[in-house]
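Each chain, written out:
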Amino acid sequence: MAKQVPLVDYLELGDDPHLVANECTSCGARFFDRRNACASCEGTAFKKAAISTTGEVRAYTIVAFAAPGVPVPYVAALIDCAGTSVRANLLNVTPDPEHVTLGMKVRLITEVIGTDDEGTEAIGFGFEPLGG
Amino acid sequence: MASASDELWILGIHMTNFGKRPESDIVDLAAEAVSGALSDGGVTMKDMGVIGAGNLMAANAGIGQQLQKQLGQTGIPVYNVANACATGATALRVAAMAVKAGECDMGLAFGVEKLSGAGLLSGGSRKEDSSTWTPSGRYGAVAPVDGRIGTEIMPGVFAQIGMEYGHKYGGTSFELFAKISEKNHSHSTLNPKAAYTKKMTLEEIMGDVMIAYPNTRPMCSANCDGAAAAVVVSGAKLKTLSKEQQRRAVKLTASILTTDPWEESCQILPDVNTLTRNAATQAYEQAGVGPSDLDLVELHDCFATAELVHYDNLMLCEQGGAVDFFNSGATWRTGTTPVNVSGGLESKGHPIAATGIANVWEVATHLRGEGGDRQIAGAKVGLTHVIGLGSACGIHILEKSAA
Chain A
6 MAKQVPLVDY LELGDDPHLV ANECTSCGAR FFDRRNACAS CEGTAFKKAA
56 ISTTGEVRAY TIVAFAAPGV PVPYVAALID CAGTSVRANL LNVTPDPEHV
106 TLGMKVRLIT EVIGTDDEGT EAIGFGFEPL GG
Chain B
40 MASASDELWI LGIHMTNFGK RPESDIVDLA AEAVSGALSD GGVTMKDMGV
90 IGAGNLMAAN AGIGQQLQKQ LGQTGIPVYN VANACATGAT ALRVAAMAVK
140 AGECDMGLAF GVEKLSGAGL LSGGSRKEDS STWTPSGRYG AVAPVDGRIG
190 TEIMPGVFAQ IGMEYGHKYG GTSFELFAKI SEKNHSHSTL NPKAAYTKKM
240 TLEEIMGDVM IAYPNTRPMC SANCDGAAAA VVVSGAKLKT LSKEQQRRAV
290 KLTASILTTD PWEESCQILP DVNTLTRNAA TQAYEQAGVG PSDLDLVELH
340 DCFATAELVH YDNLMLCEQG GAVDFFNSGA TWRTGTTPVN VSGGLESKGH
390 PIAATGIANV WEVATHLRGE GGDRQIAGAK VGLTHVIGLG SACGIHILEK
440 SAA
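Taken in sequence, the protein lines are chains A and B.
Numbering-wise, the first sequence is residues 6 to 137 according to this note's numbering.
Numbering-wise, the second sequence is residues 40 to 442 according to this note's numbering.
For reference, chain B alone in the conformation it holds in the complex (with noise of 0.2 Å):
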């Protein structure tokens, strides 16, 4: 059993409401998810000894001392983090690895992103080209190379993963893709917090604009604006704290960062398989829970075709069993592991750096009993799963409160 000052706690968790938020910019988005955190675990910015701040579309721009001008300048050390898509996993990874060394018994993680109406965030645009061919960068292109060698628009990457899933295994389909997002869309419903809380029929799904085969839109995730927050603070500060603090804390069992190790076809299409493998093996190793233990999961699914090979990479099912454990409906809310209640990254939205801690405050709102509408009965353990691509991957293992 490990002493108290090696347990790591969320103390406080908050995410804004998801969607169009014209009204705010990132500082203030990032202020409404820190406030609303600090308050939900009785704290304040005095409390702080680390702050891991993430944002990556103006990654450049210090958004972590933005957010103390606004909240408080206390002279704390802020690690301003970009890692893609696991942005705010890694910004709440560099919380708990501080609060773990002991180099502080608090620490703020927070993750914001304004992304409505972004677009195609990957080959979105393309230069014209030179009047003169004169090869340029690490392949000598003598041209735009995006949709003459491939694709580097994130929903056909993603489209090629699954697709990949289903050359290896079988059993793919267009329509089994779109009742992966059925099911995220209809779980949305429940989240009024979500950026899309329609219903959408399978027929909707499929009928609606194609973006890359098999992917519709629908089935992509949700550009949109968002913040997310959190306080993870020592089991033995937890411990001075009062009981309805301690009753409230949620215990983070397992916070874990990968890379891709060196695969054969990684430079061709990003591998995100092997490191969410490898992430998942060291946190069920390190929470001492394996994945029949879990009540919900919070997964990856940028996109429709991502989430089918994340329930094999993180051993939710057999190896090369996703299609069935899917067609079991085991993944529904109603299922016997429930994938993505908040309605995924599909409907709840993909505010980047914001979703690696929305997906924690999502099922830590579950471990304490406060998912109203969409609770998931007698949650005890649930996981979360980002992925970057390039690739990085962040997992947190969360369970609830024996106080």
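If we strip away everything but chain A, and leave its shape as in the complex, we get (with noise of 0.2 Å):
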């Protein structure tokens, strides 16, 4: 099998590939990337935390229109996970209004977005409809 890296460092590879977050262990909240203090309430210590890897769907748009080399339509979206929120493409479903629902409940997953010269893929995330 081809060597694998993350398209980013919170997300998590392996046989069961998830996102991780650091976690204000004050207040909890979470962010994906690092602060040093929580800008919630200014606590400084961090621990990482797993997000669930099934959320619903609580806003999205389907862009038509982006930079030259961006591949369009694509669904992006904003995903409650279990309380936590997530931005995502929204993967294996038409690219329109009839088949994207706000609500719609989805699930975390990978996919490889390329292969660099030394064979190396990057692999990405999006969510796909849960039971679609």
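Bear in mind the hints are in silico, worked out from the structure with no lab data behind them.
Only a predicted model underlies this, so the values are computations on that prediction, with no experimental measurement involved.
Hints may be right or wrong, so weigh each one.
Said to hold, decoys possible - Derived DSS-like pairs: lysine-lysine, alpha-carbon spacing no greater than 27 Å straight-line:
no.	chain 1	residue 1	chain 2	residue 2
1	B	K278	B	K439
2	A	K8	A	K53
3	B	K207	B	K218
4	A	K8	B	K166
5	B	K282	B	K139
6	A	K110	B	K207
Starting from two chains that each stand alone, build the complex the way the hints lay out.
As structure tokens, then:
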């Protein structure tokens, strides 16, 4: 199997791919990047927290016009994963408003976004409809 | 009752025509707006004690000093400010704070931008993937993420903001958002300074080029060139000026700037709601008025999907009631709370740093009774609102002079 790297460092690969956040140990606020202090409570201690791999679409847009090199249309969404908001594309769904609905239940999946000169695959993530 | 020295007034104000201005660079546009505001107020650069200068796209160019070299170098302090789409409001806020603090009795604020043909301002280009995956940036990304992990383009970000409101309260649809755009394009036909003054039918708006569902092209703010400027004066100083200056002065009863307090999802989707509600609450209290007192509102319709949520954020309607409020016709120029009678950012245009002062010009013009064909009859109180993503919210409330 080719060597793999995650598209971003908050995507954990392996048998059970999932997103990981820095969680404030005082108030529970979660951040996908590093913070000097919690933006909510100013606490300075964080621990790693696994994000639920299922969620609900709270908002979406179907991008039809983007920079050259970005394939369109694609569905960008805000997904509520058991209380933690996640930004991702919706995959394996027809990109039109008849097929994408607010409140639809989705689950995290990974996909190969490309292979570099050393044969390493970059792995991205998105969400697909549950039971779809 | 506040003493006169605590009062702030707009003494002079001007906005340039918005649109394609190939003959003018940013200094020319700034000078046009500032000259207009100074002459409107019957004052000169020598009367100014401070300058708040706004330009976003060339924020390191010292536009305030460039303006001084064009119109008058008097040695006064210049604060060059950049605060995304709230840049103009921030410049005005700087002048207002300086006058209110008593550091000077007159201050100048201006905002200018050249944006014609700018296209997508964020997510408008993407680097090619590198030949070897190397993590970089705060998320350790090995490749560009726009379009791979959601979207960075503004039409898409604000589409989601409108859709989120629909998910929370229901009642939204592509057609509803398009109707908001229909209203603003209709309003623009009466505004000779607008970049676009063409009435558009609902069918034309919905059938136009889709940018990011549900925002089609005419539902997006129009990139264009333009500038606006204002002179702020203290109440004490105004009393020493002519009766005509006092008559045309417009009272600045609230000047507020907020940023977004932490919200759970603000790292994912910029929050434009909480900071607007907070700014509105502070502004109404400072001005001693409520939403029902407003005769007109110029709010930040950078996209049709954004206008809807701000009806609610500015408390023009009950919480969750923005859809019903719009459907009642309240925000048309003939309604109870006319919103964006200038045509809004969707048709008047959105030269970013100019917008936060241009909307003050629009309201001030109605309060002076100088609105011509689009005058809102008898307007006494108006509110302006801008949002800069990231986020910053500027709100100003203006009141007609009693003189």
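Going through the hints against the structure:
1. K278/B with K439/B: 16 Å, holds
2. K8/A with K53/A: 24 Å, holds
3. K207/B with K218/B: 20 Å, holds
4. K8/A with K166/B: 23 Å, holds
5. K282/B with K139/B: With a Cα-Cα distance of about 22 Å, the restraint between K282/B and K139/B holds, given a limit of 27 Å.
6. K110/A with K207/B: Holds: K110/A and K207/B sit about 16 Å apart, inside 27 Å.
In summary, this structure violates none of the numbered hints.
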